[in-house]
Amino acid sequence: QVQLVESGGGLVQAGGSLRLSCAASGRTVNSYVMGWFRQAPGKERAFVARISWGGGSTSYADSVKGRFTISRDNAKNTVYLQMNSLKPEDTAVYYCAAKFPGNEYKFWGQGTQVTVSS
1 QVQLVESGGG LVQAGGSLRL SCAASGRTVN SYVMGWFRQA PGKERAFVAR
51 ISWGGGSTSY ADSVKGRFTI SRDNAKNTVY LQMNSLKPED TAVYYCAAKF
101 PGNEYKFWGQ GTQVTVSS
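In the numbering used here, the protein residues as written are 1 to 118.
If you're looking for bench data, these hints aren't it; they were derived computationally from the structure. Hints are all accurate, no fakes.
Each computed DSSO-like pair below joins lysine-lysine, with the alpha-carbon atoms no more than 30 Å apart:
#1 LYS76 <-> LYS65
#2 LYS76 <-> LYS99
#3 LYS76 <-> LYS106
#4 LYS65 <-> LYS106
#5 LYS43 <-> LYS106
#6 LYS65 <-> LYS99
#7 LYS65 <-> LYS87
#8 LYS65 <-> LYS43
#9 LYS43 <-> LYS87
#10 LYS99 <-> LYS43
#11 LYS87 <-> LYS99
Cβ-Cβ distance ranges computed for the label pairs, FRET-style:
#12 SER52 <-> ARG19: 18 to 24 Å
#13 GLY42 <-> SER17: 24 to 30 Å
#14 GLY54 <-> GLN3: 20 to 26 Å
#15 LYS87 <-> SER57: 22 to 28 Å
#16 ASN30 <-> SER117: 36 to 42 Å
#17 ARG27 <-> PRO88: 34 to 40 Å
#18 GLN39 <-> ASP73: 21 to 27 Å
Built from N, CA and C at the ideal position, the CB exists for glycine as well.
Full structure from sequences and hints, please.
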């Protein structure tokens with residue numbers, strides 16, 4: 001089993017930055033694809049970004065391209081989401097998730113709230 005714990009959320013003004021962290025425990029996630037998702041009030045959970053096990057491949061939702069950066073430190077069993085130029089529409093609960101390549105995301109964190117004020 002893998003346990004994922006997100007941190008780093010909070011309240012920030014539009015244009016500001018936050019860095020989310022996702023710490024994994026239970027077993028190493030070095031072989032897992034790691035992803036970030038978000039769920040805004042009244043909306044379905046949506047993909048934000050993902051990173052391959054080695055960190056060499058990343059992908060982003062169009063809405064965050066050029067503003068968000070996903071990275072990972074396998075030595076620390078941690079994945080990060082650097083969020084710059086935040087907008088009010090980025091307000092959501094952000095979730096970290098892990099999966100084996102080609103499979104569905106199997107492990108999820110409890111989420112961290114990000115609120116961007118205008």
